[in-house]
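Peer 1: Sequence:
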Amino acid sequence: MKLEKEPVFLPASFKDKCLHLFKLIKDAGGKPHLVGGSVRDALLGEPVKDVDIEVFGLEIRKLENLLSDHYSVDEVGKAFSVFKIRGIAIDISLPRRESKSGKGHKGFEIEGDPNMGPKEAAGRRDFTVNAISWDPIENRIFDPFDGLKDLEMGILRHTTEKFVEDPLRVLRAMQLAARFRFQVSADTVELCRHIEPEDLPPERVFEEFRKLLLKGREISTGLDFLRSCDWLKDFPELNLLVGCKQEPEWHPEGDVWTHTLHCMDAFAEERTGDDWEDLVVGFATLCHDLGKPLTTVFESGRIRSPRHESAGEVPTRSFLQRMTQHKELIDSVIPLVSTHLRPLELYRSKAGDSAIRRLARKVKRIDRLVRVAQADMKGRPPLKVDRFDAGEWLISRAEALAVIDSAPKPIVLGRHLIKLGQEPGPSFGPLLAQCYEAQLDGEFTDLPSGMKTLQRILSEKK
Numbered sequence: 036m037k038l039e040k041e042p043v044f045l046p047a048s049f050k051d052k053c054l055h056l057f058k059l060i061k062d063a064g065g066k067p068h069l070v071g072g073s074v075r076d077a078l079l080g081e082p083v084k085d086v087d088i089e090v091f092g093l094e095i096r097k098l099e100n101l102l103s104d105h106y107s108v109d110e111v112g113k114a115f116s117v118f119k120i121r122g123i124a125i126d127i128s129l130p131r132r133e134s135k136s137g138k139g140h141k142g143f144e145i146e147g148d149p150n151m152g153p154k155e156a157a158g159r160r161d162f163t164v165n166a167i168s169w170d171p172i173e174n175r176i177f178d179p180f181d182g183l184k185d186l187e188m189g190i191l192r193h194t195t196e197k198f199v200e201d202p203l204r205v206l207r208a209m210q211l212a213a214r215f216r217f218q219v220s221a222d223t224v225e226l227c228r229h230i231e232p233e234d235l236p237p238e239r240v241f242e243e244f245r246k247l248l249l250k251g252r253e254i255s256t257g258l259d260f261l262r263s264c265d266w267l268k269d270f271p272e273l274n275l276l277v278g279c280k281q282e283p284e285w286h287p288e289g290d291v292w293t294h295t296l297h298c299m300d301a302f303a304e305e306r307t308g309d310d311w312e313d314l315v316v317g318f319a320t321l322c323h324d325l326g327k328p329l330t331t332v333f334e335s336g337r338i339r340s341p342r343h344e345s346a347g348e349v350p351t352r353s354f355l356q357r358m359t360q361h362k363e364l365i366d367s368v369i370p371l372v373s374t375h376l377r378p379l380e381l382y383r384s385k386a387g388d389s390a391i392r393r394l395a396r397k398v399k400r401i402d403r404l405v406r407v408a409q410a411d412m413k414g415r416p417p418l419k420v421d422r423f424d425a426g427e428w429l430i431s432r433a434e435a436l437a438v439i440d441s442a443p444k445p446i447v448l449g450r451h452l453i454k455l456g457q458e459p460g461p462s463f464g465p466l467l468a469q470c471y472e473a474q475l476d477g478e479f480t481d482l483p484s485g486m487k488t489l490q491r492i493l494s495e496k497k
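Numbering (this note's numbering), first residue to last: 36 to 497.
No wet-lab data here; the hints were simulated from the structure.
Check each hint, because a few of them may be wrong.
[Said to hold, decoys possible] Pair by pair, the computed Cβ-Cβ distance ranges are: (1) D424 to P237: 23 to 33 Å; (2) E233 to E41: 30 to 40 Å; (3) R216 to K268: 32 to 42 Å; (4) E144 to K61: 23 to 33 Å.
[Claimed, not checked] Keeping only pairs whose Cα atoms sit at most 20 Å apart, straight-line, the calculated EDC-like set for lysine to aspartate or glutamate is: (5) K397 to E305; (6) K119 to E155; (7) K444 to E380; (8) K250 to D178; (9) K444 to D481; (10) K97 to E146; (11) K66 to E39; (12) K397 to E380; (13) K58 to E146; (14) K399 to E304; (15) K385 to E348; (16) K97 to D87; (17) K413 to E434; (18) K419 to E305; (19) K154 to E110; (20) K246 to D181; (21) K419 to E253; (22) K246 to D421; (23) K362 to D388; (24) K97 to D126; (25) K154 to E225; (26) K154 to D178; (27) K444 to E434; (28) K197 to D170; (29) K385 to E305; (30) K197 to E144; (31) K413 to E282; (32) K184 to D310; (33) K397 to E304; (34) K52 to D126; (35) K399 to D421.
Just so you know, even glycine gets a beta-carbon here, dropped at the ideal spot from N, CA and C.
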């Protein structure tokens, strides 16, 4: 990778605040270092959005008083203190001393240690590219683990053998490899093989997958790293995709796992920048073929996966529920999985308005579904997809019907039943449902004609 000759370590929006902080710390007898991802990003020419400052040589309360005299400061962290400058993306802390005290990601005792040296502090970081720091007083890079060399070569390598103490680092490697197209070094992969994902908080697992989907430039690299270090077995729904054969005529790229990797890269190329929409579509693309291992058969000389779309609902739910209880996310992803072939099916059958309205009712946003289906079509190299005609057709039809980003809104409501003299009660639900079905069928498109349909339904009930 090409590194910046003159990296910009400080965001222009609060550069002056950073320089003022550096001077305050220096004048008080401390030594500030810019650390972590912001240094890495600056060296790669990526925009720096937040800053982490590690302070050597100052006791914690002296640092707190120094900062509080000049800024509004929030202190976070139970066992160690991190000071956040209110309103600005700056975190200030002492170097941390960690000792393993239990299992998993949370099994550490941590305390700030102002007497720790920069090299020892860098050694507690996960990867060499994240252990590079910048000394703003002397304006020099501090690189005790040859992170610059690894960064230039695009290699993700652990700093020390203590890497194995925190299993979350394996998932961090996954998303960092995807974000920066890093090749994880063979010795780090081997180390990861011996790390068990014990006691990982689901929310932290979800966060690493969130970064993978929202920031990964080459998501396939991160996912295939999980396979290479045997961590895919801890995501059994994904692991079953490996070796699940597909019909070569339709899928010359290989098994379902290979197809999914290509689909994820196609998704990454088309992200919109809307984090929520991209997260829903990203998870749906990742899970779209989870039903294939459950349905794949060899018949009449062909490999087929009949009804794999609907069969994918259960494994998709189990995969997502192990890392999040976000009901809206799960309920948004699953319909996209179970209908991901519908755009092509509707296009080929030249389906009418009713079918499109019903699809909108099921998936809520047809534009999301088209994105998933398009990634699916693009994930079949060497087959090329310059245009996704089925998607363009469906988008056009859905826009004309005003259902591109929402289900059709019911025209006839409970108040209209009351207006016709009906008493509120259990019969309202079935009556309104029947009316809505008629609306989806195109029997009416406005309230006057909807009221006529309602009157007809009521007369038929007598």
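Peer 1: All hints, please: hold or fail.
Peer 2: How the hints compare with the structure:
1. The beta-carbon spacing between D424 and P237, approximately 40 Å, falls outside the hinted interval of 23 to 33 Å.
2. Separated by about 44 Å at the C-beta atoms, E233 and E41 break the suggested range of 30 to 40 Å.
3. The beta-carbon spacing between R216 and K268, approximately 25 Å, falls outside the hinted interval of 32 to 42 Å.
4. The hinted range of 23 to 33 Å is satisfied by E144 and K61, whose Cβ atoms lie roughly 31 Å apart.
5. This hinted pair does not check out: K397 and E305 have alpha carbons roughly 23 Å apart, beyond 20 Å.
6. A distance of roughly 24 Å separates the Cα atoms of K119 and E155; the hinted pair therefore is violated under the 20 Å criterion.
7. Straight-line distance between C-alpha atoms of K444 and E380 comes to about 25 Å, which puts the hinted pair past the 20 Å bound.
8. With a C-alpha separation of about 26 Å, the suggested pair K250 and D178 falls outside the 20 Å cut-off, and the hint is violated.
9. The suggested pairing of K444 with D481 holds, with an alpha-carbon distance near 11 Å, which does not exceed 20 Å.
10. About 16 Å separates the Cα atoms of K97 and E146, which keeps this hinted pair within 20 Å; it holds.
11. The suggested pairing of K66 with E39 is violated, with an alpha-carbon distance near 25 Å, which exceeds 20 Å.
12. Under the criterion of a C-alpha separation no larger than 20 Å, the hint pairing K397 with E380 is consistent with the structure, at around 16 Å.
13. Taking the CA atoms of K58 and E146, the gap is about 25 Å. The hint is violated against a cut of 20 Å.
14. About 23 Å separates the Cα atoms of K399 and E304, which puts this hinted pair outside 20 Å; it is violated.
15. Proposed proximity of K385 and E348 is contradicted: the alpha carbons are some 26 Å apart, above 20 Å.
16. For the suggested pair K97 and D87, the alpha carbons sit about 19 Å apart, so the restraint of at most 20 Å is met.
17. For the suggested pair K413 and E434, the alpha carbons sit about 24 Å apart, so the restraint of at most 20 Å is broken.
18. Using a Cα cut-off of 20 Å, the hinted pair K419 and E305 holds, with the two alpha carbons roughly 16 Å apart.
19. About 25 Å separates the Cα atoms of K154 and E110, which puts this hinted pair outside 20 Å; it is violated.
20. Distance hint between K246 and D181 is unfulfilled; the C-alpha atoms sit about 26 Å from each other, more than 20 Å.
21. Straight-line distance between C-alpha atoms of K419 and E253 comes to about 19 Å, which keeps the hinted pair within the 20 Å bound.
22. For a cut-off of 20 Å, the pair hint linking K246 to D421 is broken: about 28 Å separates their Cα positions.
23. Only pairs whose Cα atoms come within 20 Å are accepted, and K362 paired with D388 is rejected, the gap being roughly 30 Å.
24. The hinted pair formed by K97 and D126 meets the criterion: a straight-line CA distance of about 16 Å does not exceed 20 Å.
25. A hinted pair counts as satisfied when its Cα atoms are at most 20 Å apart, and K154 with E225 does not qualify at roughly 25 Å.
26. Straight-line distance between C-alpha atoms of K154 and D178 comes to about 8 Å, which keeps the hinted pair within the 20 Å bound.
27. Our distance criterion of 20 Å between C-alpha atoms is met by K444 and E434, whose separation comes to about 14 Å.
28. Between K197 and D170 the alpha-carbon distance is near 25 Å, which puts this suggested pair outside the 20 Å criterion.
29. Taking the CA atoms of K385 and E305, the gap is near 27 Å; set against the 20 Å cutoff, the hint is violated.
30. Between K197 and E144, the direct Cα distance comes to roughly 14 Å. Compliance with the 20 Å bound is thereby established for this hinted pair.
31. Our distance criterion of 20 Å between C-alpha atoms is met by K413 and E282, whose separation comes to about 16 Å.
32. For the suggested pair K184 and D310, the alpha carbons sit about 33 Å apart, so the restraint of at most 20 Å is broken.
33. Between K397 and E304 the CA atoms are separated by roughly 26 Å; this puts the pair beyond 20 Å, and the hint is violated.
34. Only pairs whose Cα atoms come within 20 Å are accepted, and K52 paired with D126 is accepted, the gap being roughly 12 Å.
35. The suggested pairing of K399 with D421 is violated, with an alpha-carbon distance near 27 Å, which exceeds 20 Å.
Of the hints listed earlier, those the structure fails to meet are numbers 1, 2, 3, 5, 6, 7, 8, 11, 13, 14, 15, 17, 19, 20, 22, 23, 25, 28, 29, 32, 33 and 35, in rising order.
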